[in-house]
Structure formats: C-alpha cells, structure tokens
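Undergrad: Residues per chain are reported as follows:
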Amino acid sequence: DARVTQTPRHKVTEMGQEVTMRCQPILGHNTVFWYRQTMMQGLELLAYFRNRAPLDDSGMPKDRFSAEMPDATLATLKIQPSEPRDSAVYFCASGLGGSYEQYFGPGTRLTVT
Amino acid sequence: RKEVEQDPGPFNVPEGATVAFNCTYSNSASQSFFWYRQDCRKEPKLLMSVYSSGNEDGRFTAQLNRASQYISLLIRDSKLSDSATYLCVVNMDKLIFGAGTRLAVHP
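Note that the protein sequences, when read in sequence, are chains A and B. So that you can map any letter, position 23 of the first sequence is 26 in our numbering, and since no number is skipped, the others follow by simple counting. So that you can map any letter, position 29 of the second sequence is 46 in our numbering, and since no number is skipped, the others follow by simple counting.
Errors might be hidden in some of the hints.
[As the list claims (entries may be wrong)] Result set (BS3-like, lysine-lysine): computed pairs, CA atoms no more than 27 Å apart in a straight line:
| # | chain 1 | residue 1 | chain 2 | residue 2 |
| --- | --- | --- | --- | --- |
| 1 | A | 14 | B | 62 |
| 2 | B | 19 | A | 65 |
| 3 | B | 19 | B | 59 |
| 4 | B | 59 | B | 96 |
| 5 | B | 59 | B | 111 |
| 6 | A | 14 | A | 81 |
| 7 | A | 65 | A | 14 |
| 8 | B | 19 | B | 62 |
| 9 | B | 111 | A | 81 |
| 10 | B | 111 | B | 62 |
| 11 | B | 19 | A | 14 |
| 12 | B | 62 | A | 81 |
| 13 | A | 81 | B | 59 |
| 14 | B | 62 | B | 96 |
| 15 | B | 111 | A | 65 |
| 16 | B | 19 | B | 111 |
| 17 | A | 65 | A | 81 |
[What the hints assert, rightly or not] Residues from chain A that keep clear of chain B, each with C-beta distances beyond 12 Å, as calculated:
| # | residue |
| --- | --- |
| 18 | 19 |
| 19 | 62 |
| 20 | 84 |
| 21 | 88 |
| 22 | 116 |
No wet-lab data here; the hints were simulated from the structure. None of the values given here were measured: they were computed from a predicted structure. Ideal Cβ positions, reconstructed from N, Cα and C, are used throughout, including at glycine.
I would like the entire structure built from these sequences, with the hints used as guidance.
TA: Dropping the structure here:
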C-alpha cells in the first residue's frame, strides 16, 4: 500500500531554532506539495514541485522558509529561524502530473515555543 | 471574499439522516472540483471528484452548478463513521481548499 511518509511526526522546538521536515512521496509520483494547516487559516498551499522543479512557492514566507527536492524520493521544508506563529501541522502530498488527485502524508505537528 | 467558502458547521445529525453541504467558489474559470474528507488529527483524503453532470458513489452524491459557482455534497443514510470534516476543493491552477464543514453523526 503506497503512502506518502513524513518525518518527524512531531517536533517541539524553541523560537529561533532551525526546523527541517522531510517527505518521501509515493514512488512514481512527479508532483509534490507542501501545505500548512492551522485552526485559523485552514489548509494553505506553501509550495509545490513538478519533476523536482519548483513551480509555485508564492504561499511561502520567503525570508524564513525554503523548500527543496534534492532527488525524486525526498522533499524538504526548512524554517530558519522558527517563530511561535509557525506552529501548525505541515502536510506533504504527492500526485501524478495534472491529475490533481493528491495523496497526503500523515503530517508533521510543529510547536514552536 | 475567500476563494472557496464553506459553512463551518458543525452539522449534528442522527444516524440515518440525509445531510447536504454546500460550497461556493469565486473563480469562474476553475476547471475541476473535489471533496476531501479529513478525520480528526489525520490527513485529508480524496472522497470524490465532482463532475458537471453530477456523480454518485454509494451514499454520496456530488453536484456542480457552474452558473451559480457552487458545489454540493449529499450524504444519505448517515453512519457514525461519516463523522469528519469535509473539505471543498477547487482547482484554480493549483488546489484551493475550503476551511471545511464539520459533520458529527450521533446514535
């Protein structure tokens, strides 16, 4: 049963620290998305990649967030420095091309104190 | 105005009830539409796509009204296991998620 995996599942860190979240998309999927979910804002698209190339990162605060795909099996989202307002659940999702059916990972629950 | 708007609920219904959710979207050029389901503290999962002609999957029926720019989801014969948040999703070159409608089905 192919699934998107994310690590870590939970992260508690202090303000100012660097946070790195990792995602392994479903094998063969060529599109990867990063979302952030909070009670107040709901699910927001931060960035997405197709064939490892960034297509849209307009939803991401550029000064502290960065997203990369070092290879087809790994996507990373970094926050440096982290702030309390970054506390949220970060989901990674993958899909095939333009089908727009997306499969979500279990999420990383981030708490910044 | 938000790009995708949903009634947040919660909708509290007894088992066996029929419940309907509506969703409106702002961009008339939107091309495809979906309903996702999200259980508490879990990831969203695709429930069904929404086609112009309407489509049905068991107890679930989705409809699209392009002229009025709204999408609906009808759940018949509600089960306890239907309790979740239902997210309306619109493709505007990228997927835009509504904030979700919470459904609680009670015995």
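Undergrad: Does each hint hold? Answer for all of them.
TA: Going down the list of hints, with the structure as the test:
1. Restraint check for residue 14(A) and residue 62(B): the C-alpha separation of about 23 Å stays at or below 27 Å, so the hint holds.
2. For the hint pairing residue 19(B) with residue 65(A), the CA-to-CA distance comes to about 23 Å; that is within 27 Å, so the pair holds.
3. With a CA separation close to 24 Å, the supplied pair residue 19(B) and residue 59(B) stays within the 27 Å bound.
4. Between residue 59(B) and residue 96(B) the CA atoms are separated by roughly 19 Å; this keeps the pair inside 27 Å, and the hint holds.
5. A distance of roughly 22 Å separates the Cα atoms of residue 59(B) and residue 111(B); the hinted pair therefore holds under the 27 Å criterion.
6. Using a Cα cut-off of 27 Å, the hinted pair residue 14(A) and residue 81(A) holds, with the two alpha carbons roughly 13 Å apart.
7. Taking the CA atoms of residue 65(A) and residue 14(A), the gap is near 21 Å; set against the 27 Å cutoff, the hint holds.
8. The hinted pair formed by residue 19(B) and residue 62(B) meets the criterion: a straight-line CA distance of about 22 Å does not exceed 27 Å.
9. Between residue 111(B) and residue 81(A) the alpha-carbon distance is near 22 Å, which keeps this suggested pair within the 27 Å criterion.
10. With a C-alpha separation of about 17 Å, the suggested pairing of residue 111(B) with residue 62(B) holds against the 27 Å cut-off.
11. Pair hint residue 19(B) plus residue 14(A) does not hold up; C-alpha atoms about 31 Å apart against a cutoff of 27 Å.
12. Between residue 62(B) and residue 81(A) the alpha-carbon distance is near 25 Å, which keeps this suggested pair within the 27 Å criterion.
13. Restraint check: the Cα-Cα separation between residue 81(A) and residue 59(B) comes to about 22 Å, which is no more than 27 Å; the hinted pair holds.
14. Distance restraint check for residue 62(B) and residue 96(B): the Cα-Cα separation of roughly 18 Å lies within the 27 Å cut-off, and the hinted pair is therefore satisfied.
15. Taken as a hint, the residue 111(B) and residue 65(A) pair is honoured in the structure, with Cα atoms around 19 Å apart against an allowance of 27 Å.
16. Pair hint residue 19(B) plus residue 111(B) holds up; C-alpha atoms about 15 Å apart against a cutoff of 27 Å.
17. Pair hint residue 65(A) plus residue 81(A) holds up; C-alpha atoms about 11 Å apart against a cutoff of 27 Å.
18. With a cut of 12 Å on Cβ distances, residue 19(A) stays outside the contact zone with chain B, its closest approach being about 28 Å.
19. Here residue 62(A) does not stay apart from chain B, with its beta-carbon only about 9 Å from theirs, under the 12 Å limit.
20. The beta carbon of residue 84(A) sits about 27 Å from the closest Cβ of chain B, which is more than 12 Å, so the claim that it is off the interface holds.
21. With a minimum CB-CB distance of about 19 Å to chain B, residue 88(A) clears the 12 Å threshold, and the non-interface call stands.
22. Remark: the non-interface label on residue 116(A) is consistent with the geometry, its nearest Cβ contact in chain B lying 20 Å away (cut-off 12 Å).
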